[in-house]
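4 protein chains.
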Amino acid sequence: MDYVTVEHVAKVPKLKDPILIEGLPGIGNVGKLAVEHLIDSIDASKFAEIYSKDFPPQVFINPDGTIELVKNEFYYWKAKKKDQRDLVLLTGDYQGLSSHGQYELVEKILDIVEELGVKEMYTLGGYGLGQDIEKPKVLCATTDVHLVKKMKKYGAVFKKNEPGGGIVGASGLILGLGKIRGLEGTCFMGETPGYLVDPKSAKAVLKILMKITNIDVNLSALEKKAKEIEQIAHQLREMEGLSGGEKSEELRYIG
Amino acid sequence: MDYVTVEHVAKVPKLKDPILIEGLPGIGNVGKLAVEHLIDSIDASKFAEIYSKDFPPQVFINPDGTIELVKNEFYYWKAKKKDQRDLVLLTGDYQGLSSHGQYELVEKILDIVEELGVKEMYTLGGYGLGQDIEKPKVLCATTDVHLVKKMKKYGAVFKKNEPGGGIVGASGLILGLGKIRGLEGTCFMGETPGYLVDPKSAKAVLKILMKITNIDVNLSALEKKAKEIEQIAHQLREMEGLSGGEKSEELRYIG
Amino acid sequence: MDYVTVEHVAKVPKLKDPILIEGLPGIGNVGKLAVEHLIDSIDASKFAEIYSKDFPPQVFINPDGTIELVKNEFYYWKAKKKDQRDLVLLTGDYQGLSSHGQYELVEKILDIVEELGVKEMYTLGGYGLGQDIEKPKVLCATTDVHLVKKMKKYGAVFKKNEPGGGIVGASGLILGLGKIRGLEGTCFMGETPGYLVDPKSAKAVLKILMKITNIDVNLSALEKKAKEIEQIAHQLREMEGLSGGEKSEELRYIG
Amino acid sequence: MDYVTVEHVAKVPKLKDPILIEGLPGIGNVGKLAVEHLIDSIDASKFAEIYSKDFPPQVFINPDGTIELVKNEFYYWKAKKKDQRDLVLLTGDYQGLSSHGQYELVEKILDIVEELGVKEMYTLGGYGLGQDIEKPKVLCATTDVHLVKKMKKYGAVFKKNEPGGGIVGASGLILGLGKIRGLEGTCFMGETPGYLVDPKSAKAVLKILMKITNIDVNLSALEKKAKEIEQIAHQLREMEGLSGGEKSEELRYIG
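Chains as they are written, first to last, in the working numbering: chain A, 17 to 271; chain B, 17 to 271; chain C, 17 to 271; chain D, 17 to 271.
Just so you know, these hints were derived from the structure itself, not from any lab. A portion of the hints provided could be inaccurate.
As the list makes no split between identical chains, a pair holds if one copy fits it or if it spans any two.
To be verified - Distance condition first, Cα-Cα at most 27 angstroms in a straight line; then the derived DSS-like pairs of lysine-lysine: (1) K87 - K124; (2) K97 - K87; (3) K124 - K195; (4) K166 - K32; (5) K243 - K176; (6) K241 - K30; (7) K62 - K94; (8) K32 - K175; (9) K195 - K87; (10) K223 - K165; (11) K87 - K135; (12) K62 - K166; (13) K240 - K166; (14) K227 - K135; (15) K168 - K124; (16) K175 - K27.
In this text, all values refer to a predicted model and were calculated from it rather than measured experimentally.
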């Protein structure tokens, strides 16, 4: 096994000018939730698994009692209508643990998508605000200036100097290393409190992606999950209330 | 010396369809205790040592004053009866310290056992519950669905979504990376409080292995050790009692 | 991409006996502030970017909404007068995160500057004192004894056994690894409280560099920044005052 | 520069069956103090410097204002009398920072000493007890059983199960990796409180080495340093006394 290894599990048909959509674990798990929901909705086909020596030395256990080495997964989807585009989708259990591992992983990801003909990429993540958000906005950053105007039309928000720390992790690195290769890309960051998984923020991100891809995704499952999470958040707030105000203040800023 | 180096210390006779049994240090040292007890009981023969640059830069001191570089150790055992199978056994001082080192170590382990003809593997570990356990159950996860049914018959327990965090470390990785190579395997996890070495849990794991391997192991030494540990645990609890209830509450959740 | 990768973004004209001036992020950001100010003042030309797998997996966001992979940047400047020398300038977003990464980065930096004919190097940094400084002195260390006398004439200070911990990071390593290659160099360390960016200290360092390079740099922008920082420091001290004297004592020694 | 690089700074004359004596920084700096004192006393000649990308990215500053990259240093010494042996001596600023770096460094050290014909090695270190010691004993561990008896005659002490954690760092690893190469060696560990540099413990170690090597070393400089340290320790204890008994209790167990 190489440092980063690709296992092809199915043959990929010829894709026509495909788009990459990436969502790996991160703040609020916004990107991962969005891409997994999209994969399920459009019934995309898995074609490759990525293993890395920089992922944790860990297996997960399936409901049937079998184990799975932690990994990233690539899917493809062929366009069904004329105004749609073929898709390559990436999600997974982990990002690389170290800086070095992140760079190696993203380089391999870019090798794969370039070979499939990808020239346009969308990376999805969360933007942690550390406070409750009624209606999460979707912030945006791009590889090229001409994309900024385009993404505003789709409803994405550009805020000068936000996020101030830039974008850390695969969503940023795919654009940064991709830009050097001449690939275009946009990162959508759904606003999120950041201390629980956030299907509401994932939904906001998907709504913009639906406009870009002309794919109609049923969001009701995400909405249901969002309600469940809201109930859990409500219960946590009540528990905080019982144990005194100071603690609640602290909790609000986790994440 | 390579990153992971194998030193063969004895020639291995031709093994017939051997089974790998692995037990390295971990929670409650359950796996290591079990495999070391098995090696002693059946008088298995050491044939190789593994050194790794990802083990601590450390030597241990033998009772005679000589030093030993920290290592893993491979043993073999030839079946004595018709209903038994040849064994390859692995134990050692450490697992790899880093993710990268764990992957390199396990890849080397799999290289060695594949060359010896191993197709069936058992990895042993502890499942830390953070509380006292009267009668430890042995949880189980496998590479293949058909093994689940088989292992239940031997007394192993499958609990959906347990362990929730999957299996971290060599016991998981041997199955995960082995599965990719087409090897079959099962991980047995003995329930353990997790804050002391746990011969009682090791005994529970060995009892299942005895049924699988048709090897009769005298467990009295483990039982004696278990009683000693119980006394130590008892003393610790009394000390907690003297220093107040709150502290005892904390201690219960260590590990 | 290699572990450390150089992207040439412009052709460098033939340089005549050029001097390297380096200022990467560090204590008080003294070195980075000084070199960036110099680059702006003399309108130096960027000719290369350095990426490293040991930088954080991060992109920064430009004011126009586009992203930039974190990097180091090389500039050159051709002398305008007879008593000036051609310059190679280095600044950037980060130093290497790990020891290994620092060594790899600095080796690559030295490869580049040696190819450009650099034989004389100045590395800039801060010397954190953890207390307010009315008039920051500029400490100094060199690769060769004959430089000590020379630098004293320019106003740099040599204090025996200071800094006691030597010089940690790129500013030290460029001299240390450069010395092995036969390059000469001097590190200037501006005294700084060390808990905020320190344009006043950067100005003190630049003043010495101006004498060495015979380049006239307008320092008013640095002076303006220094006044802003002084105001912020003043406000912080007042906030400390309100929250009690003990806390102020602690804050003084951060950095 | 390789990961570990050797710079030969002088030609080594033909050595006759030389002994390696190693003392790198560690608990109480016992080994480093002892070897540096020996090098000074016998006026050994430096022949090589070792640099490593796993040392900190740091230079130290000499009293004359010049910098030195952190390194390890090799010296040799030709026997002056018939009952003496040629020596190879190793000391330095740092051990490797990571496990991997320690293994790489020690492998390189062994390459060098094997080439010089070394078959017998002495590694020196401290054994931290965390309490004041009137007369430090020198513990001992060896690569081979026949050395145990020999070292006892020289006054070294073997305590079963001590140090319980074995020997961590270069002093252990040189013996452990050397043993695999067929080299013989002994580690001497001077007992030390461990929270200050300990010339008294270094003296105890050197006394045994003097018997082994038949070299007469003037220990008065070490004795003078030991008295200075004792005064500092006395002052620290008084300061503890002033600030209350509890704190003194804590301090006693640092290291």
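Hints versus structure:
Taking the shortest alpha-carbon separations for K87 and K124, both the intra-copy value of 13 angstroms and the inter-copy value of 20 angstroms come in at or below 27 angstroms. Neither within a single protomer nor between protomers do K97 and K87 lie at most 27 angstroms apart by alpha-carbon distance, with minima of 32 angstroms and 42 angstroms respectively. Proximity of K124 to K195 under the C-alpha cut-off of 27 angstroms is found in both arrangements, the shortest distances being 15 angstroms within a copy and 23 angstroms between copies. Taking the shortest Cα distances, K166 and K32 sit within 27 angstroms of each other inside one copy (22 angstroms), while across copies they are farther apart (47 angstroms).
Taking CA atoms no more than 27 angstroms apart as the test, K243 paired with K176 passes between copies only; the shortest distance there is 25 angstroms, against 32 angstroms inside one copy. Proximity of K241 to K30 under the C-alpha cut-off of 27 angstroms is found in neither arrangement, the shortest distances being 35 angstroms within a copy and 57 angstroms between copies. Taking the shortest alpha-carbon separations for K62 and K94, only the intra-copy value of 12 angstroms comes in at or below 27 angstroms, while the best inter-copy value is 44 angstroms. Taking the closest pair of Cα atoms, K32 and K175 never come within 27 angstroms of each other, the shortest separation being 34 angstroms inside a single copy and 45 angstroms across copies.
Taking the shortest alpha-carbon separations for K195 and K87, both the intra-copy value of 25 angstroms and the inter-copy value of 13 angstroms come in at or below 27 angstroms. Taking CA atoms no more than 27 angstroms apart as the test, K223 paired with K165 passes inside one copy only; the shortest distance there is 18 angstroms, against 44 angstroms between copies. Proximity of K87 to K135 under the C-alpha cut-off of 27 angstroms is found in both arrangements, the shortest distances being 24 angstroms within a copy and 23 angstroms between copies. For the identical chains of this complex, K62 and K166 are neighbours neither inside a copy (30 angstroms) nor across copies (30 angstroms), given an alpha-carbon limit of 27 angstroms.
Taking the closest pair of Cα atoms, K240 and K166 never come within 27 angstroms of each other, the shortest separation being 31 angstroms inside a single copy and 39 angstroms across copies. In the homo-oligomer, the alpha carbons of K227 and K135 lie at most 27 angstroms apart inside one protomer (19 angstroms), although the nearest pairing across protomers, at 51 angstroms, exceeds that limit. Taking the shortest Cα distances, K168 and K124 never come within 27 angstroms of each other, neither inside one copy (30 angstroms) nor across copies (41 angstroms). In this assembly of identical chains, K175 and K27 lie within 27 angstroms of each other by CA distance neither inside one copy nor across copies; the values are 42 angstroms within and 35 angstroms between.
In terms of the numbered hints stated before, the structure departs from hints 2, 6, 8, 12, 13, 15, 16, listed from lowest to highest.
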